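Peer 1: Residue strings, one per chain:
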Amino acid sequence: MIYIQYILVIFLVICALSVCITNNLLVSLIIFTAYSLVMSVIWLFIESPDLAITEAAVGAGITSILFFITLVKVDKMNEGEAKNE
Amino acid sequence: MSSFNEVITSFVEGTPKAEVVSKEKAKRVYKHHEMSLTERLTAMIEKGESKGARNAYTVIAVIMAIVIIGCLIYTVSSLPPFGDPSNPANNEVVKKYIMDGIADTGAINFVAGMILDYRAFDTLGESTVLFIAASAVIILLFRKKTSLEKKVADIEEKIYEDKHDVILRHGALILVPFTLIYGIYVILNGHLSPGGGFSGGTIIGAALILYNLAFGDKSTKKFFNFKVYKVITIVALSFYAISKTYSFYTGANHIHSIIPKGIPGNLISSGLILPLNICVGIVVACTMFGFYSLFDREEI
Chain A
1 MIYIQYILVI
11 FLVICALSVC
21 ITNNLLVSLI
31 IFTAYSLVMS
41 VIWLFIESPD
51 LAITEAAVGA
61 GITSILFFIT
71 LVKVDKMNEG
81 EAKNE
Chain B
1 MSSFNEVITS
11 FVEGTPKAEV
21 VSKEKAKRVY
31 KHHEMSLTER
41 LTAMIEKGES
51 KGARNAYTVI
61 AVIMAIVIIG
71 CLIYTVSSLP
81 PFGDPSNPAN
91 NEVVKKYIMD
101 GIADTGAINF
111 VAGMILDYRA
121 FDTLGESTVL
131 FIAASAVIIL
141 LFRKKTSLEK
151 KVADIEEKIY
161 EDKHDVILRH
171 GALILVPFTL
181 IYGIYVILNG
191 HLSPGGGFSG
201 GTIIGAALIL
211 YNLAFGDKST
221 KKFFNFKVYK
231 VITIVALSFY
241 AISKTYSFYT
251 GANHIHSIIP
261 KGIPGNLISS
271 GLILPLNICV
281 GIVVACTMFG
291 FYSLFDREEI
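Same order as they appear, the protein sequences are chains A and B.
Each residue of the first sequence is one higher than the one before, starting from 1 at the first, in our numbering.
Each residue of the second sequence is one higher than the one before, starting from 1 at the first, in our numbering.
These are calculated hints, taken from the structure and not from any lab test.
One or more of the hints may lead you astray.
Said to hold, decoys possible - Covered stretches of chain B, going by a simulated chain A footprint (3 or more residues, C-beta under 8 Å):
| id | stretch |
| --- | --- |
| 1 | 204-215 |
| 2 | 265-278 |
To be verified - Cβ pair distances, simulated, as ranges:
| id | chain 1 | residue 1 | chain 2 | residue 2 | range |
| --- | --- | --- | --- | --- | --- |
| 3 | A | Glu47 | B | Thr42 | 42 to 52 Å |
| 4 | A | Val72 | B | Asp154 | 12 to 22 Å |
| 5 | A | Glu47 | B | Ile66 | 31 to 41 Å |
| 6 | A | Val72 | B | Pro88 | 40 to 50 Å |
| 7 | A | Ile10 | B | Asn55 | 28 to 38 Å |
| 8 | B | Asn253 | A | Ile14 | 48 to 58 Å |
| 9 | A | Val9 | B | Tyr74 | 16 to 26 Å |
| 10 | A | Leu17 | B | Asn253 | 52 to 62 Å |
| 11 | A | Val72 | B | Phe178 | 22 to 32 Å |
| 12 | B | Met99 | A | Tyr3 | 33 to 43 Å |
| 13 | A | Val72 | B | Val166 | 14 to 24 Å |
Keep in mind the model is a prediction, meaning the values are calculated, not measured.
All C-beta atoms, glycine included, are put in the ideal place defined by N, C-alpha and C.
When you get a sec, could you build the whole thing from the sequences and use the hints?
Peer 2: This is the structure we're talking about:
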């Protein structure tokens, strides 16, 4: 069981780094959602189901919706791709 | 999206699109002192004058990051181990909560008993902070639409009405009822199982957002508008404040409270925790949906 936690923590670190590194804001937002999801599973492992529910609902749900709307509003959906071209 | 809006605006006003775009006129060469700091910086970077400064910036940033990471790792390594019985957090407060929790609050979920009974004043503050945040967002983003914008919104609604994504609609048709029921379950069982007002309210808010995304603005407006939002939020917060004032008054003066505790483990038990959970859940659900709505179209 402990190995699953190690894998999750490593995945968490990779997610956190790649959120900063990716150019495309949409991609980094999706990675951020994955980060929240992994974090909620980790909360479940360290025996705080209250926080797990809240993290899954707020971190993976509401926050990413608000970020998506903001991205659409400021027309930055495809900025990274435009730079690469 | 913005270009689409422009086309529609020009269509409604009756002006051709070419007149809308006249950015070339505004272009003129500014003198050095007229530019802002960021403009000067971008100009410097474009010219390639600041290569040394940029290298120094990168080096300093990496050094700063390494120092901060080192500090954090050092601090974490000196924390007590997880789950150790001799941890400083494991003191007489925990014993008091675990020994007397059920008798005092009637809640099986100790966390709910703590945040809504022992420390309900904190939770009232948190709900108020959320309410103030929502009010601030309303002040910043809420504005009455002009007649032109209303026309544009109507046309957009007509265009998109029948073209809502089929997959989204059918998925929402299946998902929304279950999500709503799960949120209500989490709120109502806040004193029995993990969860409570905040998480359940967020789940209900997410369900409302999904419903709004799939079925459009008009069908949501039938049961949720700004008036409903105002009334629900203020009634819930006032009920919270008044009921907690009552229980603090009786508790501080050692008067017997008339609110029955009930049998621990039943759905209707644990005194005020269940209604307070419902209040917090309603406020949070409305606030989450209000945030989404204000971000999306600057109204509720």
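Peer 1: Each of the hints needs a verdict: does it hold here or not?
Peer 2: Structure-based check of all given hints:
{"no.": "1", "hint": "204-215", "in the structure": "holds (count 3)"}
{"no.": "2", "hint": "265-278", "in the structure": "violated (count 0)"}
{"no.": "3", "hint": "A/Glu47 x B/Thr42: 42 to 52 Å", "in the structure": "holds (50 Å)"}
{"no.": "4", "hint": "A/Val72 x B/Asp154: 12 to 22 Å", "in the structure": "holds (20 Å)"}
{"no.": "5", "hint": "A/Glu47 x B/Ile66: 31 to 41 Å", "in the structure": "holds (33 Å)"}
{"no.": "6", "hint": "A/Val72 x B/Pro88: 40 to 50 Å", "in the structure": "holds (47 Å)"}
{"no.": "7", "hint": "A/Ile10 x B/Asn55: 28 to 38 Å", "in the structure": "holds (32 Å)"}
{"no.": "8", "hint": "B/Asn253 x A/Ile14: 48 to 58 Å", "in the structure": "holds (57 Å)"}
{"no.": "9", "hint": "A/Val9 x B/Tyr74: 16 to 26 Å", "in the structure": "holds (19 Å)"}
{"no.": "10", "hint": "A/Leu17 x B/Asn253: 52 to 62 Å", "in the structure": "holds (56 Å)"}
{"no.": "11", "hint": "A/Val72 x B/Phe178: 22 to 32 Å", "in the structure": "holds (27 Å)"}
{"no.": "12", "hint": "B/Met99 x A/Tyr3: 33 to 43 Å", "in the structure": "holds (37 Å)"}
{"no.": "13", "hint": "A/Val72 x B/Val166: 14 to 24 Å", "in the structure": "holds (21 Å)"}
The structure fails hint 2 only (numbered hints given earlier).
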